[in-house]
Structure formats: C-alpha cells, structure tokens
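2 protein chains.
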Amino acid sequence: MSLLVVGSVAYDTVSTPFGRRENALGGSATYFSIAASYFTPVSVVAVVGEDFAPGDIDLLESKGVDTSGLERAPGKTFRWVGEYSEDLNSRETLDTQLNVFADFSPTLAGQHRSTPFLFLANIHPVLQLDVLRQMEPRPRFTALDTMDFWIDGAQDDLSRIVSEVDVLFMDFGEVRSFAGEGNVLLAARRIQGMGPRAVAAKRGEHGALLFDGSSAFAAPAFPLESPVDPTGAGDAFAGGFMGCLAASSDTGPDALKRAAMVGAVMGSFAVESFSADRLSGLTRDDIAGRFRQLADMTRFHDSGGNDLPWRNDA
Amino acid sequence: MSLLVVGSVAYDTVSTPFGRRENALGGSATYFSIAASYFTPVSVVAVVGEDFAPGDIDLLESKGVDTSGLERAPGKTFRWVGEYSEDLNSRETLDTQLNVFADFSPTLAGQHRSTPFLFLANIHPVLQLDVLRQMEPRPRFTALDTMDFWIDGAQDDLSRIVSEVDVLFMDFGEVRSFAGEGNVLLAARRIQGMGPRAVAAKRGEHGALLFDGSSAFAAPAFPLESPVDPTGAGDAFAGGFMGCLAASSDTGPDALKRAAMVGAVMGSFAVESFSADRLSGLTRDDIAGRFRQLADMTRFHDSGGNDLPWRNDA
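Going down the list, the protein sequences come from chains A and B.
Throughout, this note's numbering is defined as the position within the first sequence, counted from one, plus 4.
Throughout, this note's numbering is defined as the position within the second sequence, counted from one, plus 4.
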C-alpha cells in the first residue's frame with residue numbers, strides 16, 4: 005500500500021568529527037521517503053524554495069518517490085547548520101533559517117488524501133493535526149515524529165495530535181519529558197494511555213525500544229565501523245519502519261517488530277554518510293544482508309528458560 | 005564447575021529518588037556471588053572488618069556461598085556513600101572509607117587455587133594479576149571487571165592483567181576510554197587485540213553488547229516498573245554471566261550469548277531493591293520467568309531477511 009509523508013526538505017550544513025558537508029540535501033521527509041522507497045510507493049508533501057536544485061528532485065524521483073506534493077515557494081529552502089560531538093551522541097544547532105518552511109501550511113492534493121499509511125514528520129503539531137483532518141478516509145495507520153521544541157512549547161497541541169496516531173516516534177529523553185515520567189516504561193504506558201497503540205523510543209547507538217500494547221521489543225542498533233553523520237537516522241528509521249508496514253499491509257504485533265528491525269537497518273545506513281548519499285544508493289542485498297546481521301545480534305539458542313543450568317546442590 | 009570471585013564486601017549508604025538505605029550489605033563480591041549462587045557453587049575471597057555483622061555472613065551462607073575466604077581483619081569494613089540522579093543513570097560518590105580494604109592483599113587458600121572459573125572483580129589491577137598468578141593450574145576461564153579509576157590511574161597494570169583474561173566487563177564509556185577509541189566497535193576490537201576473547205560492554209538501562217570474537221550480541225535490559233537502586237547491577241550481571249557459564253561448563257559462543265541474557269536478568273533483579281534484598285530472595289521460577297520475558301523482547305518472526313516486503317514496481 006502507498007505511504008504519504010508530510011515534513012521538511014532542507015539543505016543542511018553539518019560538521020562531525022569525520023568531516024563537514026555544506027548545503028547538502030536533508031530534511032525529515034527526504035530521509036524518510038528515501039528509506040521507505042525501497043519497500044513501497046511513497047509520496048512527499050513538503051515545501052522548498054526557488055534555490056532548490058533540480059538534481060535533488062531527480063534524486064528523489066530516481067528512488068521512485070512521488071514529488072508532486074513538493075511545493076516550490078518564493079524564497080529560499082529551509083537551512084540548518086549543526087555540529088556533532090566527538091562521539092556523535094549529541095549535537096548543537098548553530099543556525100536555523102526556516103525560510104519558506106516558516107509559512108509551510110500543507111494542503112493535500114486529492115490523490116494524496118486517501119493514502120492509507122501516513123507519516124507526520126516533525127513539524128508544528130497544529131499542522132500535523134491539520135494534515136490528518138484533510139485525509140479522507142482516515143488513514144489506516146498513522147505515525148508521528150516530533151521533537152523537544154514542540155514538547156516544551158506546544159504540549160497541548162502535541163497531545164491532541166498524539167491522541168489520534170497509531171505509533172509515536174520519540175527519542176528516549178523525549179518520551180520521558182513528554183510523559184512527565186522519568187521511568188521510560190511507565191512513560192511509554194502513559195503515552196499509550198493517551199491514544200497511541202505503540203511508542204517507538206529511539207536511543208541512537210543503543211537502538212530502539214518498541215512498546216506495542218503491553219509488550220516491549222528491543223531492536224538493537226547496528227554497530228558501525230565508520231559512522232559519519234547521524235543526521236536523518238531517526239527519519240530513516242521511521243521510513244524503514246513505515247515503508248515495511250505499508251508494503252506488507254500488515255500492522256499486527258509481529259509486523260511492527262520486523263518493522264523496527266528494518267527501521268534500525270535503514271537508520272544505520274543513514275549514519276554512514278553525509279546527506280542521503282549512502283541511503284539512496286542501496287541494493288536489496290545491502291538491506292537484506294544487514295537485516296540478517298542485525299537479527300543475528302539478538303539470536304541465541306533459547307529454549308525458553310527451561311534449560312537454565314541450575315545449581316545441583318541448592 | 006565451581007567459581008571463585010575476588011573483590012570487595014562493603015557497607016553502602018545509598019540515596020536514590022526512591023529512598024535511602026544506610027550501611028547495607030554491598031560490594032562487588034557480594035552481588036556477584038549471590039547472583040552466581042543460583043547456578044553454581046561459588047567461593048568469595050574478600051576482607052571485612054570487625055564490625056561485619058554475623059547476619060551478613062549468614063545471608064551469604066544461606067545462598068550456599070563459600071565464605072571460608074572471607075578474611076576478617078582488625079578495623080572497619082569498607083564503606084561507600086553515594087547518591088543517584090533522578091533517572092538513576094548517574095551517581096555521585098559522597099564518601100569512600102576504604103578501611104580494611106586499603107590493605108587488602110588476597111592470599112588464596114589451597115582449595116581455592118584450582119577453581120576452574122575465576123572472576124576478578126573491581127580491585128587494583130596489580131592485585132588482580134597477583135590473584136591470577138596464585139591460581140594453579142591456570143583457570144579454565146577468567147573474567148575481569150574494573151572501573152574508570154584504574155583506567156585513568158593504572159593503565160599499564162590494567163593492560164597487563166587484561167591481556168590474560170577471557171572476558172572483560174566494562175561500562176560503555178570505559179571501553180572507549182580504555183581503548184582510546186571513540187567508536188565502541190573499534191574500541192572493543194582493539195581490546196580484543198590485547199588478549200581477551202570477549203568484551204562485555206555494559207550500558208545500564210540499555211542492556212549490554214557482547215563482542216565475542218568477530219560477533220556482536222545485544223542483550224537488552226529488562227525494563228523495570230520500579231527500579232530502586234542500581235548499585236551492584238553490573239556485578240550481578242557478571243555473577244549471572246559467570247555462574248551460568250561455570251554451571252554448564254560450556255564456554256562456546258552460544259553459551260556466552262545465553263550467559264549475557266542471564267546476566268541481564270540478574271542485573272535487573274539487583275536494581276529492584278536496596279542492597280541484595282531482592283537478588284537474594286529469588287526462586288528459580290522468578291529467574292526463568294524473567295529470562296523468558298527478556299528473550300521475548302528480542303524475538304520476532306525472522307526468516308533471515310529473505311521475505312522483506314520489497315516494492316513491486318521498483
């Protein structure tokens with residue numbers, strides 16, 4: 005089934021201990037749609053400026069991404085400048101120029117309104133809600149990503165849209181702060197109590213915890229020899245996750261677990277280069293191979309705890 | 005097979021957001037031996053002072069722990085005072101009184117020298133090496149834990165003993181700083197290059213990564229509803245890990261993976277109370293039940309990446 009993402013397309017200037025890239029294609033909708041494109045048809049709704057390079061549209065279209073919802077507005081494309089710490093685990097925003105993104109108010113075209121799988125990438129929660137209201141019929145499965153900025157500054161708006169989605173993607177710390185609960189398990193349960201069936205708590209190099217109903221599933225992160233730039237890893241995770249669900253049209257508990265593994269795989273590729281260089285050049289063998297490696301990382305000879313080697317004399 | 009641990013027995017005064025306990029039984033050898041006691045006969049070599057309560061010896065002996073190597077020296081037992089942060093992820097040492105532990109120089113009794121499985125808990129690396137030298141024959145399997153204090157202050161001594169062990173237990177950050185390499189995968193490989201077959205990189209609420217030969221295994225942490233005090237979790241992890249290996253007498257790659265899962269189980273119990281209250285009162289059903297829950301957290305319908313739902317039209 006097809007998948008719609010509403011989010012940002014940006015030009016990022018990123019410094020990491022492994023180099024620097026200026027004005028490279030980025031944005032949540034970019035990483036998400038490229039990651040999802042391997043699995044299912046995906047349409048992007050976003051806004052870019054007059055400076056947006058035709059080659060970047062070509063890149064998305066070469067991945068089969070439907071860019072008919074990519075609005076070109078007078079002005080410049082959203083720009084972000086950031087710098088990562090030595091261990092890549094934290095980053096500082098040096099500059100943000102919203103540009104055309106400041107007035108982004110997505111109006112969905114007719115053909116996009118009935119998309120069955122919807123991903124609301126990190127934009128103002130009021131816009132996220134507005135997009136959901138434009139969908140007709142209501143999507144079969146909706147997921148949402150957000151960030152600390154909205155948790156701190158638009159908690160009520162965020163709570164309203166969160167109550168209407170199936171899966172919420174958040175960083176570990178964001179799960180805690182949004183729920184106002186320091187224990188991540190209790191925090192996830194509190195958020196599930198607001199409406200979402202599942203919470204995908206991302207934790208960078210430590211993988212992700214998927215709380216789905218009453219179960220918890222731990223997807224490991226793939227340990228990378230040569231990480232380059234974590235920008236977009238979370239969006240690529242969500243893209244792999246949602247692309248995989250939409251493709252199989254299965255949203256059962258087992259499907260969500262596999263989707264989390266595929267998300268971890270796609271997130272790991274995003275980190276291996278600046279921009280979407282690596283993410284956009286993958287083969288099915290690349291993806292399936294890493295999926296196998298990731299699955300190997302948690303597989304062990306498990307006979308359900310029935311053969312634990314208890315002490316004989318106790 | 006039997007297991008020997010050389011480490012500390014202490015009285016801890018711990019404050020966490022969930023309460024405070026004064027002068028409670030603690031120390032690496034305590035948590036380790038109690039965790040291991042469910043799986044295999046374990047002997048403790050440590051030193052305590054004249055103030056050590058007979059009831060605490062009774063507790064260890066009630067778990068079948070051999071305390072014949074618990075030396076009682078003139079003076080007071082090692083005391084530690086610490087306070088944990090709101091999220092339990094960091095702690096501050098408020099006071100350390102080494103007392104009798106300052107002059108701890110373990111001399112192994114004859115019956116302990118031939119123990120086939122040895123755990124060198126966190127003490128000065130020179131003492132760890134001295135203990136290993138007293139073993140005759142050389143243990144079949146030796147593991148070591150340490151801390152940032154020795155990494156920073158006794159790097160050469162630590163490197164020497166590390167080169168002689170089979171498994172090194174360290175926190176994630178310690179793996180990086182000991183190896184002088186920010187990438188944890190490369191850091192673990194560098195340490196493996198020094199001698200150890202495996203590195204168990206612990207990461208608190210994010211579980212542990214076991215690097216064994218060229219493979220990586222991710223053991224999740226069990227998400228706790230009511231964590232109380234993380235003190236001793238790493239030692240309980242090591243106790244479950246080594247106890248499980250010693251019990252089955254199997255140290256193959258599969259055995260190490262299961263041992264890491266058992267370690268994660270025992271570590272989680274340690275966090276559920278102050279001191280070893282919870283850890284020392286477990287049944288086999290408690291342990292096997294949580295092992296099953298933990299195994300469920302990473303199990304998914306995996307057909308090796310061969311049935312990923314690829315896009316049809318791509």
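Be aware that one or more of the hints could be misleading.
[As the list claims (entries may be wrong)] Beta-carbon label-pair distances, calculated as ranges:
(1) B:Arg76 x A:Glu96: 53 to 59 Å
(2) A:Leu190 x B:Ser253: 22 to 28 Å
(3) B:Asp156 x A:Ser109: 53 to 59 Å
(4) A:Ser94 x B:Ser307: 45 to 51 Å
(5) B:Ser253 x A:Arg303: 21 to 27 Å
Since the hints were derived computationally from the structure, they do not count as laboratory data.
Cβ atoms here follow ideal geometry from the backbone N, Cα and C, with glycine treated the same way.
These are the hints, each one checked on the structure:
{"no.": "1", "hint": "B:Arg76 x A:Glu96: 53 to 59 Å", "result": "holds (54 Å)"}
{"no.": "2", "hint": "A:Leu190 x B:Ser253: 22 to 28 Å", "result": "violated (41 Å)"}
{"no.": "3", "hint": "B:Asp156 x A:Ser109: 53 to 59 Å", "result": "holds (55 Å)"}
{"no.": "4", "hint": "A:Ser94 x B:Ser307: 45 to 51 Å", "result": "violated (37 Å)"}
{"no.": "5", "hint": "B:Ser253 x A:Arg303: 21 to 27 Å", "result": "holds (23 Å)"}
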